[in-house]
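S.K.: Read off the chains here:
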Amino acid sequence: MPNLEEYKAKSIVKQEGLNIPDGCVAGDFSDINVDFLKRHKNIVLKSQVPVGSRGKKGGIVVTETSSAEDAFRELIGKEIDFMLPEKLLVEEKIDYSAEYYLSVYSCPEHRGPVLMFSSSGGGDVEEEEGGTVIIPVKINSDKISADFFKKGLSAAGGIEALELDALADIANTLYSVYRKYDCKLVEINPLVKTDEGFIVLDAKMIVDGDAFFRQGEALDLDFVEEIEGRQPTDLELAAGKIDEEDYRGAAHFVQLPVKSIRGQYGDKVKTFIGFNCVGTGASLTVMDEIARLGYFPRNFADTSGNPPASKVYRMTRIILSQDNVGGYVFATCVSSQQLDNTARGIIKAFKEVFSKTGGIPDIPAVMLFRGAWEEEAMELLKEHGLFDQPNVKILDSNYTENDLAGIFDKLYKEWKNGKKL
Amino acid sequence: MVKNFKLVLFSGGNISIDYSKCRDCESKACTKFCQSSTLEPVLKIENGIPVTTDSSKIEKKNWCTECLACELNCGLYGKGAIRIELPLGE
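Respectively, the protein sequence lines represent chains A and B.
Residue numbering for the first sequence is 1 to 421, as defined by the numbering used here.
Residue numbering for the second sequence is 422 to 511, as defined by the numbering used here.
The hints are simulated quantities; they were obtained by calculation from the structure and are not laboratory data.
Using N, Cα and C, we set each Cβ at its ideal position, and we do this for glycine too.
Everything hinted at is true.
Within a straight-line C-alpha distance of at most 25 Å, the following computed DSS-like cross-link-like pairs (lysine-lysine) qualify:
#1 Lys449/B / Lys351/A
#2 Lys351/A / Lys427/B
#3 Lys56/A / Lys8/A
Per the computed footprint, the stretches of chain B lying under chain A, defined by three or more beta-carbons under 8 Å from a beta-carbon of chain A, are:
#4 431 to 437
#5 484 to 492
#6 496 to 509
Starting from the given sequences, assemble the full structure and let the hints guide the process.
M.R.: In structure tokens, the structure reads:
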């Protein structure tokens, strides 16, 4: 599900007629227009990382324009939730008298779009009790009725009638953005009241991944997996290209956060492994079994749906190109896909990555093939010299996910103790 | 001189064959899996070298299933004349 950066979301709501602060996006302080800096005495620097509560995490800095350059350098070099911003949004500082929260999102319970309003905007407003009024929007309506909106908002209290008219217009604009861009969520937080009217101080848009084919180009989106909450890595972008045009089978790839896992599990982490599976159900069981023994997946990957060998090859190359990888695990469910093709993809990738040893890896690798063309897959691995080498164990349908984890553990310990290739 | 072979693949990339290596190849292993497939084969041996079975279908999407068997077999039993380039992230 593509998650638009704040500056992109703001430019869209501006196109649709809402007011946003004067500002620009910059990767370097020198990118900022000099006239902009002359126009404003105080400015706001906002780290463009897709993280909630950025203000509390030090991702938003208010500064005098005269000292903005130092503040800019400091903020662009600051990691927030393990993410380093590539650019900052630089805006005029807005003085306001009230702040609100307004969003339209796809509600699973309501099975349709829901409008959410709060008379108190800001961080964590969704978690607050009181003040937040949820107004369900009729699924097939093109427009939110002003009366309906006002009736719902009257429960929030303390809002003048004139403001209600203006807020109803803004809610309708937001709803039209939600529909036009196939959003799962479009949010303004805060929407602030100023002497010049309402201004969008922050905006967020999450586009439904199924609408990529018609929104990708318009919104300049990359085809990636659901990685809500952060920017895609280079490898995730490369993996997204595998499936972009080739409909044969599926290729899913998401990298997992090494720093965060190490922070959470500490010494329990023996190593990270490059991981691929056929069938996501089996992958969950395998990941549970190997993580329990201290081997954490560096990535999630799935090459199922009977993909051509070329797709498995590309995915394997991506998996093996990751840093911080001390092992490789491949596992299938009891699959109906042509596993000989799957094996060929893996063999070609291994022969290229580990070319000096004819494809035999210099890290422990366990592969579990179960299902259709399983015997042919085994024969291919034997034929190409990858069957049961010192660092490699190939398993068939006589083995379970639990067996795989135990065998990898044994192999890893032997490898660690010097029995390596 | 025999012209070298190149087939563009549906997923991007291509299969290329260096015919200068094929002359000394006795195995002709490159076409064995392709010819045994239940699908329409792409490669056949003609005058001692692998060629497409139907030149009119070269532009047909998905004709080659990209099983990679020709390259792997050529590398193992032949002369390493076949190279399948599958670019990443383009």
